[in-house]
Amino acid sequence: MGNVMRGVSASNKVNDEHRDSSPKGSDDDIVVVLEDYPAAEISEPIYRKGDKLRVIAQEAYWWRVRSVETGKENYVPSSHVARVYHGWLFEGVGRQTAEELLFLPGNKVGSFLVRESSSERGLYSLSVRHRIVKHYRIHRLDNSWYYISPRLTFQCLEDLVNHYCDSAEGLCCTL
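Residue numbers (the UniProt record's numbering): 1 to 175.
Because the hints were derived from the structure by calculation, they are not lab data.
Cβ coordinates follow ideal geometry from the N, Cα and C atoms, glycine included.
A few of these clues could be false.
With a straight-line Cα cutoff of 35 Å, these simulated DSBU-like cross-link-like pairs (lysine-lysine) come out [what the hints assert, rightly or not]:
(1) Lys49 - Lys134
(2) Lys49 - Lys72
(3) Lys72 - Lys134
(4) Lys108 - Lys49
(5) Lys108 - Lys134
(6) Lys72 - Lys108
Label pairs and their calculated CB-CB ranges [what the hints assert, rightly or not]:
(7) Glu44 - Ser167: 37 to 47 Å
(8) Pro105 - Glu41: 40 to 50 Å
(9) Pro105 - Arg66: 18 to 28 Å
(10) Ala40 - Arg64: 19 to 29 Å
(11) Glu35 - Ile56: 19 to 29 Å
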């Protein structure tokens, strides 16, 4: 079993009934905080970087959210959060933010997230915490299958993640 970012999901294995080739599923509306809000120089932050929130309502730029950990409800600017699908697919998170999130306390070696590639539009990257954060480009074949190593291809991102949770096979460690 792998190590999704702490607090995002209790399990990162995907049930067969939720498998499809599209990267985004119909998970609960979970987001992760990208930076303390409000900023510490303004006041004591309500939410800290890495906190997991459930979206209750989207009202243009401001979203009403509830902390997964504390149950506290409040508003947060949508620009301060990133959507999380399947507990490990982070929308709108770049390489540097992925590193910052993976090095937060509570994340250990093997913690990971999948994000949209910063350099290749339409592709994904797997970011894995080890001694440093390692980034692996996830390629997509013409038939829409995914791979990190061309000798191992997967019908969907879930299959790729599940495989590397069981075996490192060329990665720095198992997920």
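Exercise. List in ascending order the numbers of the hints, as given earlier, that are violated by the structure.
Key: When the structure is compared with the hints, only number 8 turns out to be violated.
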